[in-house]
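*Asks:* Here is how the chains run, residue by residue.
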Amino acid sequence: EPEVTQTPSHQVTQMGQEVILRCVPISNHLYFYWYRQILGQKVEFLVSFYNNEISEKSEIFDDQFSVERPDGSNFTLKIRSTKLEDSAMYFCASSERRGGSYNEQFFGPGTRLTVL
Amino acid sequence: AQSVTQLDSQVPVFEEAPVELRCNYSSSVSVYLFWYVQYPNQGLQLLLKYLSGSTLVKGINGFEAEFNKSQTSFHLRKPSVHISDTAEYFCAVIRNSGNTPLVFGKGTRLSVIA
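Chains G and Y, in that order, give the protein sequences.
What the first sequence shows, in my numbering, is residues 564 to 679, in sequence order.
What the second sequence shows, in my numbering, is residues 2 to 115, in sequence order.
In case anyone wonders, no lab produced these hints; they're calculated from the structure.
Any given hint might turn out to be false.
To be verified - Here are the computed lysine-lysine pairs in the DSBU-like style, where the Cα-Cα straight-line distance is at most 30 Å: (1) G:Lys-605 - G:Lys-641; (2) Y:Lys-50 - Y:Lys-70; (3) Y:Lys-59 - Y:Lys-70; (4) G:Lys-646 - Y:Lys-70; (5) G:Lys-605 - Y:Lys-107; (6) Y:Lys-70 - Y:Lys-107; (7) Y:Lys-59 - G:Lys-641; (8) Y:Lys-79 - Y:Lys-59; (9) Y:Lys-79 - Y:Lys-50; (10) G:Lys-646 - G:Lys-620; (11) Y:Lys-107 - G:Lys-641; (12) Y:Lys-50 - Y:Lys-107; (13) G:Lys-620 - G:Lys-605; (14) G:Lys-605 - Y:Lys-70; (15) Y:Lys-79 - G:Lys-641; (16) G:Lys-641 - G:Lys-620; (17) Y:Lys-107 - G:Lys-646; (18) Y:Lys-79 - G:Lys-620; (19) Y:Lys-59 - G:Lys-605; (20) G:Lys-620 - Y:Lys-50; (21) G:Lys-605 - G:Lys-646.
Can you make the complete structure from the sequences, with help from the hints?
*Replies:* Here's what the structure looks like:
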C-alpha cells in the first residue's frame with residue numbers, strides 16, 4: 564500500500580542552524596502539506612502546496628520557513644535559522660487532486676526536530 | 002475560522018469496557034469531521050469521517066462516531082476496547098471546499114488497562 568515517508572525520523576540541531584525536512588508523498592498525489600505538533604499541544608497546519616506554489620499558509624509559516632518540490636518525488640520544508648520554539652514533530656501529508664469537495668490527506672510518520 | 006475542543010486529555014479505561022472520547026467544534030462555515038489515531042512512533046491514521054448523510058459513521062477497528070449538529074459535537078465511541086487501542090486520538094475538521102487544511106483538537110490519550 565502506498566504511503567508517505569519522511570526523513571529523518573529525528574533531527575537534532577543547534578539554534579540558528581538551517582534544517583531541511585524531507586518528505587516523499589504518495590506518487591499520484593498533487594497536494595502536499597506540512598503540519599507540526601509542539602509537545603503537548605495540538606497538531607497545527609503550516610502550509611499547503613500545489614502546482615509548484617504555496618496554496619495556503621498559516622500565521623506560523625513566516626519568512627523563516629520555505630517549501631520546495633526539488634524533483635518529481637521529494638517535498639521539503641526548510642527552516643532557515645532554527646529557534647528553540649521550532650522544536651516539534653513535523654508531519655507531511657499528501658492528497659489527490661480530484662473533483663469534488665473532499666480529498667483525504669495521508670500522513671507520514673513525522674520528523675521529530677529538537678533545537679538545542 | 003474553525004476550532005476543535007477535546008475536553009479530555011487522558012482517558013484510562015479497562016479492557017473490554019466501553020469508551021467515549023468527546024469532541025466539540027465551532028465553525029462559521031460547513032465542515033467535514035474526522036477522527037485520527039496515532040499509535041506510538043507512527044503517523045496519523047484516519048479512523049473515520051463524516052462528510053454527509055447518516056449522522057452515525059463507522060470506522061476501522063470497531064470505532065464509531067455520531068455527528069450532532071445542534072450540539073456541534075462528534076464524539077467517538079467503542080463498545081469494548083482492547084489493549085491495542087491504546088493510542089492518541091485526534092478530532093479534526095476541514096472546510097468543505099476543496100483541498101483545505103485540517104484543524105485539529107489537542108488530542109486525547111486513551112490508555113487501556115488490562
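*Asks:* Give a verdict on every hint.
*Replies:* Do the hints match the structure? See the list:
Taking the CA atoms of Lys-605 of chain G and Lys-641 of chain G, the gap is near 21 Å; set against the 30 Å cutoff, the hint holds. Of the pairs offered as hints, the one joining Lys-50 of chain Y and Lys-70 of chain Y holds, with about 15 Å between alpha carbons and a cut-off of 30 Å not exceeded. Proximity of Lys-59 of chain Y to Lys-70 of chain Y is assessed by CA-CA distance (about 17 Å); at most 30 Å being required, the pair is judged to hold. Of the pairs offered as hints, the one joining Lys-646 of chain G and Lys-70 of chain Y is violated, with about 41 Å between alpha carbons and a cut-off of 30 Å exceeded.
The suggested pairing of Lys-605 of chain G with Lys-107 of chain Y holds, with an alpha-carbon distance near 4 Å, which does not exceed 30 Å. Between the alpha carbons of Lys-70 of chain Y and Lys-107 of chain Y the distance comes to roughly 21 Å, so the proposed pair stays at or under 30 Å and holds. Taken as a hint, the Lys-59 of chain Y and Lys-641 of chain G pair is broken in the structure, with Cα atoms around 38 Å apart against an allowance of 30 Å. Between Lys-79 of chain Y and Lys-59 of chain Y the alpha-carbon distance is near 10 Å, which keeps this suggested pair within the 30 Å criterion.
Between Lys-79 of chain Y and Lys-50 of chain Y the alpha-carbon distance is near 15 Å, which keeps this suggested pair within the 30 Å criterion. Of the supplied pair hints, the one linking Lys-646 of chain G and Lys-620 of chain G holds, its CA atoms being roughly 20 Å apart against a limit of 30 Å. In summary, the hint linking Lys-107 of chain Y to Lys-641 of chain G is supported, as the alpha carbons are separated by about 25 Å, within the 30 Å threshold. Taking the CA atoms of Lys-50 of chain Y and Lys-107 of chain Y, the gap is near 18 Å; set against the 30 Å cutoff, the hint holds.
Of the supplied pair hints, the one linking Lys-620 of chain G and Lys-605 of chain G holds, its CA atoms being roughly 17 Å apart against a limit of 30 Å. Simply put, Lys-605 of chain G and Lys-70 of chain Y have alpha-carbon atoms about 23 Å apart, close enough for the 30 Å limit, and the pair holds. For the suggested pair Lys-79 of chain Y and Lys-641 of chain G, the alpha carbons sit about 40 Å apart, so the restraint of at most 30 Å is broken. Between Lys-641 of chain G and Lys-620 of chain G the CA atoms are separated by roughly 14 Å; this keeps the pair inside 30 Å, and the hint holds.
Restraint check: the Cα-Cα separation between Lys-107 of chain Y and Lys-646 of chain G comes to about 23 Å, which is no more than 30 Å; the hinted pair holds. For the given pair, Lys-79 of chain Y sits about 35 Å from Lys-620 of chain G by alpha-carbon distance, which is inconsistent with the 30 Å threshold. The hinted pair formed by Lys-59 of chain Y and Lys-605 of chain G meets the criterion: a straight-line CA distance of about 24 Å does not exceed 30 Å. Distance check on the hinted pair: Lys-620 of chain G and Lys-50 of chain Y sit about 24 Å apart at the alpha-carbon level, within 30 Å; holds.
A C-alpha spacing of about 19 Å is found between Lys-605 of chain G and Lys-646 of chain G, which places the hinted pair at or below 30 Å, so the restraint holds.
Consistency note: the structure conflicts with the earlier hints numbered 4, 7, 15, 18.
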